[in-house]
Every structure is written in C-alpha cells, then in structure tokens.
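Undergrad: Chain by chain, the residues run as shown.
2 protein chains.
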Amino acid sequence: MKIAVDAMGGDNAPQEIIKGVEQARDLYPDIEFLLFGDEKKVNEQIKNNDRIQVIATTEEIEMGEEPVRAIRKKKDSSIVRAANAVKEHDADAFFSAGNTGAVLAAGLFIVGRIKGIDRPGLTSILPVPNPALKQNNFVYLDTGANAESKERNLVQYAYLGKFYAQKVLGVSEPRIGLLNNGEEEDKGDRLHKDVWQSLNATEDLNFVGNIEAGGMLSGQADVIVTDGWTGNAALKATEGTARTMLSLIKHGIMDGGLRAKLGYLLLKPVFGKIAKVMGTSTYGGAVLLGLKSPVVKTHGASKADAVKNTISQIKTMIDSKVIEQTVEYFDTELTTENVDKQPEND
Amino acid sequence: MKIAVDAMGGDNAPQEIIKGVEQARDLYPDIEFLLFGDEKKVNEQIKNNDRIQVIATTEEIEMGEEPVRAIRKKKDSSIVRAANAVKEHDADAFFSAGNTGAVLAAGLFIVGRIKGIDRPGLTSILPVPNPALKQNNFVYLDTGANAESKERNLVQYAYLGKFYAQKVLGVSEPRIGLLNNGEEEDKGDRLHKDVWQSLNATEDLNFVGNIEAGGMLSGQADVIVTDGWTGNAALKATEGTARTMLSLIKHGIMDGGLRAKLGYLLLKPVFGKIAKVMGTSTYGGAVLLGLKSPVVKTHGASKADAVKNTISQIKTMIDSKVIEQTVEYFDTELTTENVDKQPEND
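Chains S and Y are the protein sequences, given in the same order.
Okay, so the first sequence: first residue is 1 according to UniProt numbering, each after it adds one.
Okay, so the second sequence: first residue is 1 according to UniProt numbering, each after it adds one.
FYI, nobody ran anything at the bench for these hints, they're computed from the structure.
Idealized CB from N, CA, C, for every residue including glycine.
Certain hints may be false.
Distance condition first, Cα-Cα at most 16 Å in a straight line; then the derived EDC-like pairs of lysine to aspartate or glutamate [what the hints assert, rightly or not]:
| hint | chain 1 | residue 1 | chain 2 | residue 2 |
| --- | --- | --- | --- | --- |
| 1 | Y | Lys292 | Y | Asp92 |
| 2 | Y | Lys187 | S | Glu148 |
| 3 | S | Lys2 | S | Glu44 |
| 4 | Y | Lys292 | Y | Asp319 |
| 5 | S | Lys187 | Y | Glu65 |
| 6 | Y | Lys268 | S | Asp255 |
| 7 | S | Lys41 | S | Glu65 |
| 8 | S | Lys41 | S | Glu59 |
| 9 | S | Lys150 | S | Asp189 |
| 10 | S | Lys273 | Y | Glu148 |
| 11 | Y | Lys187 | S | Glu65 |
| 12 | Y | Lys150 | S | Asp189 |
| 13 | S | Lys40 | S | Glu65 |
| 14 | S | Lys2 | S | Asp255 |
| 15 | S | Lys187 | Y | Glu16 |
| 16 | S | Lys268 | Y | Asp255 |
| 17 | Y | Lys40 | Y | Glu65 |
| 18 | S | Lys292 | S | Glu66 |
| 19 | Y | Lys193 | S | Glu148 |
| 20 | Y | Lys187 | S | Glu66 |
| 21 | S | Lys40 | S | Glu66 |
| 22 | S | Lys2 | S | Glu62 |
| 23 | S | Lys187 | Y | Glu148 |
| 24 | S | Lys193 | Y | Asp194 |
| 25 | Y | Lys273 | S | Asp255 |
| 26 | S | Lys150 | Y | Asp92 |
| 27 | Y | Lys150 | Y | Asp194 |
Between beta-carbon pairs, the in silico distance windows are [as the list claims (entries may be wrong)]:
| hint | chain 1 | residue 1 | chain 2 | residue 2 | range |
| --- | --- | --- | --- | --- | --- |
| 28 | S | Asn43 | Y | Arg152 | 36 to 44 Å |
| 29 | Y | Lys268 | S | Gly112 | 27 to 35 Å |
| 30 | S | Asp204 | Y | Glu184 | 18 to 26 Å |
| 31 | S | Arg152 | Y | Asp189 | 15 to 23 Å |
| 32 | Y | Lys268 | S | Leu27 | 41 to 49 Å |
| 33 | Y | Glu62 | S | Asp189 | 22 to 30 Å |
| 34 | S | Phe109 | Y | Lys193 | 21 to 29 Å |
| 35 | S | Thr202 | Y | Arg69 | 29 to 37 Å |
| 36 | S | Gly64 | Y | Glu173 | 36 to 44 Å |
| 37 | S | Ala275 | Y | Glu173 | 37 to 45 Å |
| 38 | S | Glu44 | Y | Thr202 | 49 to 57 Å |
| 39 | Y | Glu184 | S | Glu44 | 33 to 41 Å |
| 40 | Y | Ser312 | S | Glu184 | 33 to 41 Å |
With the rest of the complex left out, here is chain S (with noise of 0.2 Å):
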C-alpha cells in the first residue's frame, strides 16, 4: 500500500513527520510513502530513501489560511498534490498534521464523498479511561466537520461510526449511542429527538440510547454519534478539563515543597499510565470518515510518536478494507431505496 503525506504540516514539520514516517517504515514492510513538500528541505530530514518518494512541491498552506480558497488557489501545495494522488490512484490514504480546514477541504474536494454520503464526519477515536471495564477506546463523530446537521447526516454518521469500530476495532457488535441532553428517549431538541427514533427504528443498528456528555467517558457505548456542533463543544472541553487537571497537579507538585517534589516522584508511574490514557496521541489521528478513502489528520503540535500511531491507524484502514464495506453499504442502500422508490414513479 502506499501512503501519501503532507510532509510540510504541524508545528514540527518537515522533522518529526519525517521521523515518525520512517520508524513506520520500519514497522510495516507493505507500506511506501509519497512524501509531499519541499524538495530540499524534506531531504535534508531523511536518514533512509527505503520506500519512500520525495515529491517536490513549491506552496504551502499555512495553519491560519481560510481553507476553501487555500486549496484553490494553491495547487502546487503539498496538501493538494499528496490529496491529488490519491485521486488520481497513485496512493492509498492521504495523511497531514496541517491546516484541519484545507485538509477536510481537499478530502472533500479533492478526494471525494462515497456515494450515499451527504457529508462526512470528522472522527475521533477516544479514552474510555476505566481500568474495570475491557473496553480501551470508542469511535466519536462528527467532531466538527460540519456546524449544521440534519437528521440523515447523523443517521450517515451511526454507520459509518459501526463499521470503523467492527473493522479497525474488531468490535463485533458495535453499541451506538447519540450524544444528548438527557438519557430519556424524549430529551433534547427536534434534531436530536428525530435522530433518536431513526436510530432507534433501525434493525441493523444496535442502538442503545441517549448518553450524556458527562458520561461519554465511561464506556457505555462503541460509537457515539453527534452533530459536529455539539460534538466540537463537548471534545474541547473534555481535551480543556484533562490539559486543566494535569496542570493544577503540576502547579500543586511545583509549590508543595519537598513533600510534595517525593511524592511526585513515587507516583510519577501512575502520573505516566494517565497522560498516556487520555493523551491525543494515543489512539491515531481524527478520519474524515465518508471519504472515498482515508483521509487523516493529526494534531498540529504531534511528534514523531504521534505520527508513527497514525500511520498504523491508516493502514488497519487500510487492511480492513473498511471504506470498501462503506461503498458497499451505501451502494446497496441507495438500490434498494430505488427499488423502494418505484412506485412513487409509477
């Protein structure tokens, strides 16, 4: 398989996507890269050509560009060439830690939707951070892709959401919950009221109800599917609150004397075992899931780590054949919706 990344994006870049592109390289022999960005720049980084291309590109998109117009007018940006090859079929997936607007822009411009996908989600795979329970982690979107749904999109979002979680997670029957305000089947606004029933009304979706962004955490559910406003709202303050707590423990160590410096030290295990759990980094990067094939984006600030995480998260996608079932999916979905259309035709 072959991977294409914006090598010119994040904070870091070229250097640490670089790295982690080659300590993925040396993982996974079935993967080559198509390195986009500047020619001398990206070889200067590299220790070892092995399987990977450097295509030199002379524009880039920089994080506070307005995305749209960005990924017009810059063509010959590494965002729009590494997301032109897999268009155009040179590479499998399309990876980048740069500007998230250009990059959703060109998955959707560029890349393209599946057919019967109104708009794709973006999505996160997050902690369920509870050592008693056998689950690790659960498939969360739409994390802001889109300001405005509507019912169907979200409805889009459940199956897309299920098959990620069977196929890249290897959850048989994935549990489908909708973020809402309350648990009763009657809570929340016309949206999410419509969104409960259709959920609830489908046969081959194992929906379990209503959860509450208090409890997303806590592992009641495989996917939790959100319109992207509220899902955006009740991510950043979930990552705000964790960055929040581990600062005050900081501040608390730097100012409890020596008492507390010791403390720190006997607990700096379990103090470990935490950042990893609710880290950003741990579970992959966000999918643009709905997209012909995967589009993923990692955290402007990621390291080598980071990125070496999100490029096996790429190739289970890849491996799985996830995206392929999607097609399927909808494909048979959209016939038979036809079929079911007939007779209004008639």
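Following the hints, put chain Y in place on chain S, whose structure we already have.
TA: Same frame as chain S, but now just chain Y:
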C-alpha cells in the same frame, strides 16, 4: 432577610439540608429561614429553632417526576409552597436541592420572570483553576434551562451575567465572552454569528469575543454566555472529565502498590486542594437568573457544607441588590425601546 428552603429536596434531605441551614443561621445573624417539608421529619433534625420556622407540607416531588406536571398537581409540595412564599413576599429567596426541572418550573411559573427577560438562564459559577491568575471563577450561563435559544436570549444572558459578576463577585468591568467553535469573529452557526455581532455592537458590554470550550476554565472572561444546549454539553463534559481524572488517579494509586500509596500520602494536600478547586459545591449553587427573586438549586448530592455555601451566595445576591439592578436596567431598556419604536407606530 428570609429564605424559603425546600427541606425535602436532594439525596441527603432533610438531614444535610437542615444541618447546612443551621450552620448558615449561626454564621449570619440577619437571616431567617422558612423550612418547608414533612413536619415530623424536619423537626426531628433541627437542633435549635432560633430563626427557623417549620411550615408543614404533605407532598413531595420526586427526582424523576415530569417537572411541569408535578408543580401543577402537587400544590402542597415543599417546592411549590416555598416558591409561593417568595411570590407572596413572605420570603426573599428560594433554595432547593431537589428535582432541577421542578425547581426551574416553580421559578418560572410561580416566582416569575423580570419584565423584559424572555427566558431566564440557569447560571453556574465555575472555577478558573490557575494559581498564577487573580481570577478565581467566572459566571457561565445558560447551562441548560433552554434547549433552544434565540439571539435576544443570549444577549439578555450577557446582561444577567454582567450584573451578577459585578454585584455578587465584585468584578468592576466584567469581560463578556461567547462560547463558540472558534475564536474568530466569523465562527459558528447563524445564531452564534448573529450573537457575536450584537454583543460586539453593544456599548455597555465589555465584549471580549469568542471562547472555545477547551479554554472555558482558563480565565479569558468573567462571564461566558452560551445557548443552553451547548452550555449543557460543555459543562457536563467538563465535570465528567474532572471526575474521570480523579478516578484514574485513585485507581492508579490503588493498583500501584506500596510505592503509589506512599506517594499519595505525600501528595494528599495537593489532591485535596485540587478537589476543592474543581468541586461543584465550592462556589455555591446554580442560580436561575432573570427571575424576580433569587431561585437557587444545589446539586442533589449536596452535603451541609454545600448548603451553607449556597446560602452565603443567596445572602450576597440579596445584600448586593443584583436583582433590583437587573430589574431597573431592563425597565429602562424597555422604555427606551418604546421611545425608539414610536416613529414606526406613527
């Protein structure tokens, strides 16, 4: 001043409610209490009847009951009777740890809205847990009184929050922020873009722009305004993550052997401080702002300490005349609006 207390609401009622009331009574010589509840159960718990009058009620609204129906049917419940005492000016404020929906409904339909306020907002005082800043907390509304909001609701929340921050928290020029999915002016859905423009155009609001859910606790504003839907999701995610982190630490320590336990003993003061800073009861209860009198709800799990803190908060609301100021502002506003509208009617 007189406070009407629902003695029967909450998981630890009436015991902890009455304990907290007695602690507050001993602290504040100018407060009298009306305790509404089961006469026998309440009297059993009271140690000293000084400035405490028990008013016998025969019904109770349970935690799971449908709120509006409950307050219509159970006229002799402690919630309805306490709210009525405020309406009839027999008491200056209403306090409960009971069914949140029923307290909101009693506030809205019995105590009543301030003229000019379309919808009251449920308001929490949340921590700014950064020891490097002087700011300890901020005002956050609406946390979920309304699942669907209009532009004017959020603008009214900005004023309600501003007056609360000024009068009750003593912030002279409260900075007002808007919870949104990005910091730039053009972020968000239609509603949030419109609210941004309104808040920014308003001379008497010190609007500091959008704040992302991930930065809520970082002290960027003294008041964060949000629609109840998003506000609820972000608040619950914040509380849930704080709980998860504390539980992870606890599990880590329990599974970490003697070394971890020793580390815990040394860091106990640090953890104690964190639990206090992040605790839900440290800053009092949730206030339904926009009503004619203080209506304040504490967490159902509240113990005496939380009850006492919430009564301090109610006392400050009454002493500071925050509601009188709000009434006056919206009264002038309505008069001015009428003057402005005159030409249209000609």
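Undergrad: Decide, hint by hint, whether the structure agrees.
TA: Tested hints:
no.: 1; hint: Lys292/Y x Asp92/Y; in the structure: 10 Å, holds
no.: 2; hint: Lys187/Y x Glu148/S; in the structure: 12 Å, holds
no.: 3; hint: Lys2/S x Glu44/S; in the structure: 22 Å, violated
no.: 4; hint: Lys292/Y x Asp319/Y; in the structure: 15 Å, holds
no.: 5; hint: Lys187/S x Glu65/Y; in the structure: 14 Å, holds
no.: 6; hint: Lys268/Y x Asp255/S; in the structure: 13 Å, holds
no.: 7; hint: Lys41/S x Glu65/S; in the structure: 22 Å, violated
no.: 8; hint: Lys41/S x Glu59/S; in the structure: 13 Å, holds
no.: 9; hint: Lys150/S x Asp189/S; in the structure: 12 Å, holds
no.: 10; hint: Lys273/S x Glu148/Y; in the structure: 40 Å, violated
no.: 11; hint: Lys187/Y x Glu65/S; in the structure: 14 Å, holds
no.: 12; hint: Lys150/Y x Asp189/S; in the structure: 13 Å, holds
no.: 13; hint: Lys40/S x Glu65/S; in the structure: 24 Å, violated
no.: 14; hint: Lys2/S x Asp255/S; in the structure: 50 Å, violated
no.: 15; hint: Lys187/S x Glu16/Y; in the structure: 31 Å, violated
no.: 16; hint: Lys268/S x Asp255/Y; in the structure: 13 Å, holds
no.: 17; hint: Lys40/Y x Glu65/Y; in the structure: 24 Å, violated
no.: 18; hint: Lys292/S x Glu66/S; in the structure: 24 Å, violated
no.: 19; hint: Lys193/Y x Glu148/S; in the structure: 13 Å, holds
no.: 20; hint: Lys187/Y x Glu66/S; in the structure: 12 Å, holds
no.: 21; hint: Lys40/S x Glu66/S; in the structure: 27 Å, violated
no.: 22; hint: Lys2/S x Glu62/S; in the structure: 25 Å, violated
no.: 23; hint: Lys187/S x Glu148/Y; in the structure: 12 Å, holds
no.: 24; hint: Lys193/S x Asp194/Y; in the structure: 26 Å, violated
no.: 25; hint: Lys273/Y x Asp255/S; in the structure: 12 Å, holds
no.: 26; hint: Lys150/S x Asp92/Y; in the structure: 45 Å, violated
no.: 27; hint: Lys150/Y x Asp194/Y; in the structure: 10 Å, holds
no.: 28; hint: Asn43/S x Arg152/Y: 36 to 44 Å; in the structure: 59 Å, violated
no.: 29; hint: Lys268/Y x Gly112/S: 27 to 35 Å; in the structure: 56 Å, violated
no.: 30; hint: Asp204/S x Glu184/Y: 18 to 26 Å; in the structure: 41 Å, violated
no.: 31; hint: Arg152/S x Asp189/Y: 15 to 23 Å; in the structure: 18 Å, holds
no.: 32; hint: Lys268/Y x Leu27/S: 41 to 49 Å; in the structure: 43 Å, holds
no.: 33; hint: Glu62/Y x Asp189/S: 22 to 30 Å; in the structure: 26 Å, holds
no.: 34; hint: Phe109/S x Lys193/Y: 21 to 29 Å; in the structure: 24 Å, holds
no.: 35; hint: Thr202/S x Arg69/Y: 29 to 37 Å; in the structure: 31 Å, holds
no.: 36; hint: Gly64/S x Glu173/Y: 36 to 44 Å; in the structure: 30 Å, violated
no.: 37; hint: Ala275/S x Glu173/Y: 37 to 45 Å; in the structure: 38 Å, holds
no.: 38; hint: Glu44/S x Thr202/Y: 49 to 57 Å; in the structure: 53 Å, holds
no.: 39; hint: Glu184/Y x Glu44/S: 33 to 41 Å; in the structure: 35 Å, holds
no.: 40; hint: Ser312/Y x Glu184/S: 33 to 41 Å; in the structure: 34 Å, holds
Comparing the model with each earlier hint shows violations of hints 3, 7, 10, 13, 14, 15, 17, 18, 21, 22, 24, 26, 28, 29, 30, 36; every other hint is respected.
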